[in-house]
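Chain by chain, the residues run as shown.
Number of protein chains: 2
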Amino acid sequence: MTIKISIDCMGGDHGPSVTIPAALSFLKQQPEAELILVGLEETLRAELRKHGAESNPRLSVKHASEVVAMDDPVEVALRRKKDSSMRVAIELVKEGAANVCVSAGNTGALMAVSRYILKTMAGVDRPAICSILPNQKNGPTYMLDLGANVDCTPHHLHQFAIMGSVLVSAMEGIKKPTIGLLNVGTEEIKGNDVVKETATLLRADHERGLLNFYGNVEGNDIFKGTTDIVVCDGFVGNVTLKAVEGLSRFVKSVFKQNVLSMMGAVLAKSSLKKLNPERYNGASLLGLKGLVFKSHGGANAYAFEWAIKRAFDAAKYNVQEQLSTMIAELMPDTPDAQRQV
Amino acid sequence: MTIKISIDCMGGDHGPSVTIPAALSFLKQQPEAELILVGLEETLRAELRKHGAESNPRLSVKHASEVVAMDDPVEVALRRKKDSSMRVAIELVKEGAANVCVSAGNTGALMAVSRYILKTMAGVDRPAICSILPNQKNGPTYMLDLGANVDCTPHHLHQFAIMGSVLVSAMEGIKKPTIGLLNVGTEEIKGNDVVKETATLLRADHERGLLNFYGNVEGNDIFKGTTDIVVCDGFVGNVTLKAVEGLSRFVKSVFKQNVLSMMGAVLAKSSLKKLNPERYNGASLLGLKGLVFKSHGGANAYAFEWAIKRAFDAAKYNVQEQLSTMIAELMPDTPDAQRQV
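Residue numbers (this note's numbering), protein chains in the order written: chain A, 1 to 341; chain B, 1 to 341.
In short, the hints are calculated from the structure, not lab data.
One or more of the hints may lead you astray.
Taking lysine-lysine pairs in the DSSO-like style, the calculated list, with each CA pair at most 30 Å apart, reads [claimed, not checked]:
id, chain 1, residue 1, chain 2, residue 2
1, A, K190, B, K316
2, A, K316, A, K28
3, B, K196, A, K196
4, A, K224, B, K224
The shape of chain A in the complex, shown without the other chains (with noise of 0.2 Å):
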C-alpha cells in the first residue's frame, strides 16, 4: 500500500534547506510512500538539484506561490494568501490527492486553514492538538490540547480524551491505551468544576468498557508515563508545553558554558539521546476531516523526518478512520445543539 504524503515545503523557520533533504532522507528509507513537495517550485527544483535528486518515480513537485510566514496572523494565511504553500498542501489532502499532510507552518495559521479547508470531523466540535512527550518508561506519553483551545468545555475535555485514546491505540497498538486528566492533584476532590466534571465523564465511559480512565495526573506525571494519554485545556498544554522546552533549552546552554561540562555532555549523549526534543516532534491535528501533521518550526532536518514518519504512520494505521468510528460509537446520541456547547 502507497502512502501518498503533501510537505509544505516552505513552512518552518528554515524552509527548504530542512523540508527537502529530510524527504529525500524519509523516502530513500520508506519504500511504500510518495511524497508530494509544495512550495515554490524554482526553489524546490534548486533544493532537489543540489541533492542530486532531480527526478524519481516517488516524488513530485506542486507549484504554490505565495508561502505564510512565521509570524503571519491568521487572517493573513486565511485570506490574503489563498495560493501558500500550507493551503495548497492541506487541499491535497482534501482533493485525496495525498493521504496525510505535514507542515512546520505557525500553529495558528496552520489549524485555521485546515479547518477552513477540511472541515471539523462529524461529532468533534473542536480539534486538537496532540504531541508526544518522552517519558522514564521509554515510552511517549501523548499530551492534548496543546494550543488550539484556551477555553474548554467538560464536553471538549472529553472529547479530547477519545480522540488521544484513538490516536494512541493506532499509533502504539495499545489497545486501550490509559487516559489521565492533567490535574492539581489525584484525588477525585482537586480541580476546578471543568475538570471534575470531565472526570465524571471520562469515569462513565470507564465503567461502560469504552475508554480506559485512569483518574487525575499532575504535572510530574508526564514524564513518569504514569498514562500514555494526558488530556488537558489548550491553555495548560501550551503553557506547560512551551515551560518543558524552555528547560530544556535552558539545561543545553548551561551544558555549553565550559568545557568541562560539554565534556559531560558528551560522555552522557547516548543517555541524552532519550530526551532527545527531535525524536519527538510530529504533532497532530485531531478531529478534521483529513490528517495534519505539525512539525515544530525550528525543526532541523532528522527532527523534521520524525515528523514525515509520525504523518506516514497515521495515516498507514487509519487513524482517521478509526477516529471516525470510535466517535460515532462513544457520542451516537449526543445532539448537535447539546455539543455546540
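We have chain A; now place chain B onto it with these hints.
This is chain B only, laid out in the frame that chain A set:
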C-alpha cells in the same frame, strides 16, 4: 536586629533528620537569627543531642504533640490536629513570638491552617503561593500562584501581580520588577477572557506608574528570565511547576543509567549546579497577616536550609509591611463587595 523563625520540624518527608541539621547549619551562618524548633520535644531533643547542640541561647524547642502527615486531608490538619507542629509554628507568628514560619508540610494543609490562624491580609481576597525558578540570566524568576487557587478572576490575578511585585522588590532590591502574564502567546489578542481582562488591569497600573507590566509571556519565558515575575492562576502554575520538576527528575534518572553518562554528569557538575532545584527551595505564602514559607516536602537539609534563608530574608526586608502598604496604595478604592467576586 534579631529575626525569630519558627520551624515546623516534623513536616516534610524526612522530618527532624532533615529540619534539625538544616536549622543548626543556618544558625551558625546567620548570627542575627533565633530559631524556635516546633515538634515532639523528645524527638527534637534527641536529634539535637546527635549533633551536640543541646543548648544554644538562640535556639529553643516548643513542644507540639501532633504531626500533620503529608497525605492528611486539609480537614484533618485543620479540625482534628489542633496541636500539630505546623499549627503551633504558625501560631507563634500570630502571637508575635516569631517573625516568620517555615514548614515542609503538605501544601494544602499549610495554606489552610495559615489562613485559619493568621487570616487574610486586608485588601487581599486570596493568598497565593509564590515560588522561584532558575533562569538563563542567572537570576530567579518568581512565579505565582502555584496551586492555592484553581479558579481565578482577573481581580485575583491582578492581586497576585501586586504581591509578587512587592516580594521581588523587597527580596531582590529591584525597585520596579517586571511582571509577565503567563499566556499562550505574547500578542494582546491571545488567551482567554480572564487573562485578557487581567492584562487590562495591569496595563492601567503600568500607565499610572504603579507596576512594571511587561505584557504577556509564554511558558519558555520562565526559564529565559524575560520578566522578574510570572503571574498565572494556581491550576496552570501547579501543573507547570510539577511538569518542570518531573522533567528535572527524568533528566537526573537518565544520567544515572550508565557509567559514561554518570561521568558526564560529574564533569558537568559545576554548570549543572545552576539548575540545582535545591537552591530554589522556599515558596512564600503571600497575602496572609503573617509570613509563612513552604519548603518542598522532599527537601534535603541543604534545600531546607535555603527555605529558612528565604524566610529570614523576607522577615528582614519587611515584606509583610511593604505588602500592606502597597496593597492599600494600589487598591484604595476597591469596595469589599467587588473584591469578593
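query: Which numbered conditions among the earlier hints are violated in the structure presented, ordered from lowest to highest?
result: Result: hint 1 breaks, nothing else.
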